[in-house]
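Protein chains: 2
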Amino acid sequence: MSQDASTEGDLRNTGMSLKHDREWDYELDRIVEAVEERNATKVGLQFPEGLKRRGPAVADDLRALTDDDVTYMLSGQPCYGACDLDTYLMRRTDVFVHFGHSPMKESEKIIYVPLFSNVDPFPMMEDALDELPEEDVGLVTTAQHMNRFGEMKSWLESEGYTVHTRKGDDRLTHEGQVLGCNYASADIDADQVLYVGGGKFHPLGLAMEHPDKKVVIADPVNNVVTVADTEKFMKQRYGAVHRAMDAEKWGVIFCTKIGQGRWEMAEEIVNDNDDAYLITMDEVTPDRLRNFDMDAFVNTGCPRITTDDGPQFHKPMLTPGEYRIAVGDEPLDSLSFDTFHGTW
Amino acid sequence: MSQDASTEGDLRNTGMSLKHDREWDYELDRIVEAVEERNATKVGLQFPEGLKRRGPAVADDLRALTDDDVTYMLSGQPCYGACDLDTYLMRRTDVFVHFGHSPMKESEKIIYVPLFSNVDPFPMMEDALDELPEEDVGLVTTAQHMNRFGEMKSWLESEGYTVHTRKGDDRLTHEGQVLGCNYASADIDADQVLYVGGGKFHPLGLAMEHPDKKVVIADPVNNVVTVADTEKFMKQRYGAVHRAMDAEKWGVIFCTKIGQGRWEMAEEIVNDNDDAYLITMDEVTPDRLRNFDMDAFVNTGCPRITTDDGPQFHKPMLTPGEYRIAVGDEPLDSLSFDTFHGTW
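Protein chains in written order, with my numbering: chain R, 6 to 349; chain B, 6 to 349.
There could be a bad hint or two in this list.
[Claimed, not checked] Calculated lysine to any residue pairs in the SDA-like style (CA-CA distance at most 20 Å, straight line):
| id | chain 1 | residue 1 | chain 2 | residue 2 |
| --- | --- | --- | --- | --- |
| 1 | R | LYS320 | R | ASP292 |
| 2 | R | LYS320 | R | PRO291 |
| 3 | R | LYS254 | B | ALA62 |
| 4 | B | LYS254 | R | ASP73 |
To be clear, the hints were calculated from the coordinates, so they are not data collected in a lab.
Construct the entire structure; sequences and hints are all you get.
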C-alpha cells in the first residue's frame, strides 16, 4: 500500500477528479421539468470543483431543451459539498441545481443531482476481501455510488459476510452514506469497514473518526485497494496542538458557508478567552489568514480544512476540540476527529 | 522615473500597505456612540487588505469602551474598496463598520471610517511642480487624504496655478476623489492632473482613462514623485484583445460583490452570443477560472482585475468594451479604459 503524498489531504481530490472518463447522469429531464413548471427565466447550475468544466456542455444541453428566454448561470464559487451551496445564486434564480451531492436538507428551491457513477464497484470489492478476514463488516460509500448500495450489500452477503449498515444522522441522506465531516453511518458493530468509492478523502476521515476500526478502501475509480492509514495525519494533529500550546492571540474562525457554520461554538470560545478574536469568512485559506497577526487559529468551519490543509497555514490551525486541549481544558488523550452534525 | 514591475498592477498595493508607520484615526467615539444608541450586541469590523492586521487592536480598544455583552467580529473576506462590503457580516450585525473607504452609498446600517492619513502631502507636492509646467492643473486624491484636499488646492493656487476640481459622479463621495474604477473627478479642463496619494494604482487608472492628460504623482507615503506611464498596460490590453479574437467559447463573468455587479451588461453579452456562458462569483481569481474550459473571458466586474491582474489568468481576460472589439463589433481604436458608474 503506497500513499501518494501529493494527493492525499488535497481537498481537490475528492474522487470527483477523473482518471478515466465516466458517464454521468445529469438528469436533464428532471431539470427541464422544473424549469417549465416554474416558468423559470433564470437557472443556476453549481458543480463541485472536479466537474466544473462539464458545466458549459450541460448548459448547452439544457438550452437546447428549454425556451430561448431562459438564462443559465454557472456558479464560479468553489464548492466542496452539499454544505457548500452558492446561496447568492440560489436566491437569485428560479431553479437552482446543485450537482454531485445528495441533499443535506431538502428544499423546494434546490434540485440535487447526485451524479451517480456508472463504474462497476465489484472487481475492486472482490480484491478487497483479502483485507476483510472477519465475518462482520460495515459498508459505506459516497453519494456517487449510492445507486448500487443495495447490490453491494447483497454481494457481500453472498460472500458470507454479515453486513452492518446505518443511516447515520440528519446530515446524511442515505443509509451507508459518508461525508467528509460525518461518519455516523459507520457507528456499527463491526471492527472492519469497507469503503467503496473514489479517492482517500472520505476513508481517511472515517479512519480518523473510528481509530479502532480497520478501514478498507475499494476504489473503483482508480482501480486500487488500500487500507486507510491515518498515522501521518495524527502526527500532524498532535504537532499542531503542541505548537499552539504557547499561543497568546487566537483567531477563531466562523465559516459563513450555509452548511459549515457553528456559531455557538465560535461564540463560546471568544466569550471565554479575552485573547481570542472572531474572524468570519466563507473560504478559509492560508492567504486570508495571513492577514491576521495571530499565534494560532481555531476553525469552527469545515474540519477537513483543519486536518487536511492544516500544514499550509502559517500558524497552527486547530479544531475546537484540539483548542480545548491546547488551552489546557482537556487532556491530550481526548484528541479526536472533528465531525459535523445537523443540517443548517 | 523608474517603475517597479513587481508592485504596479498588484491590487494589494493600493497605497494602504505602509512603508513607514502612520497614525490612523479609527474614530472610535463615533463607533461606540452607535453601539450604545442601537444597544448593539454584534458589531462587524471590515478592513481593507493592508490594514486587516490592525483589526484585533481596534477590537480590543472597542471592547474596553463598550459593554461586555458586545461581540466584535472581524471580516476575513478580501476587501478592495467601498464597492466590496462584506454583506454577510453587514446583515448579521447591529453595527457594521467599514474602514478605509468613503461611502459609495450612504446607509444607516454602515459606519464608514475613511482613515484619514496624517502624512504631510506638501513636500512631495512641491517636488511635483517641476512636472507641472502649465498654469491649469487638475487636482485629485483618494479618501485617505480628503481631509486636506482644501489645503492642497489653496497651496497650489498660492503657487500660481488655476486649479480645476470636480465632484465626479454618484459613485464618488467627495470633490476631487478618485476610485480605482472611476475618474470622473478628472473630467476637467486641464491637460495636466496632479494626483496626491500613496501608490500607483489610482494614478495608473487615471492615466488609462484620460490618455490625453499628463498625470503627475505626488506620493507622500513612499516619498516619491513620478509621472504615470501606461505603456506597459496598454500593450498588454492590445495583446489580450488580439489573442481573444480567435476565441470560440467565452466565459462572461458576473461579479456578485455588492458594488461590482453589471448585470445588464453581462446578460446582453450572453444573449447575443450563443458561445458565451455566464459565470457568477465574488472573488475573480485565476484559480477559479482555471476550472472553466473557455477560450477567453470577459469580466463585467472590477475593471482593475482585468487590466492589472490580466496576465495572471490562463486565458485572455477582457473588459466588456474590449470584448466588443475582439468579436468585431467595434474597431480596435475604440479601446478605452473600463470605468464603473453608479452605486448599487
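Quiz prompt | Which numbered hints fail | solution = Going through the list in order, the structure violates no hint and respects every one.
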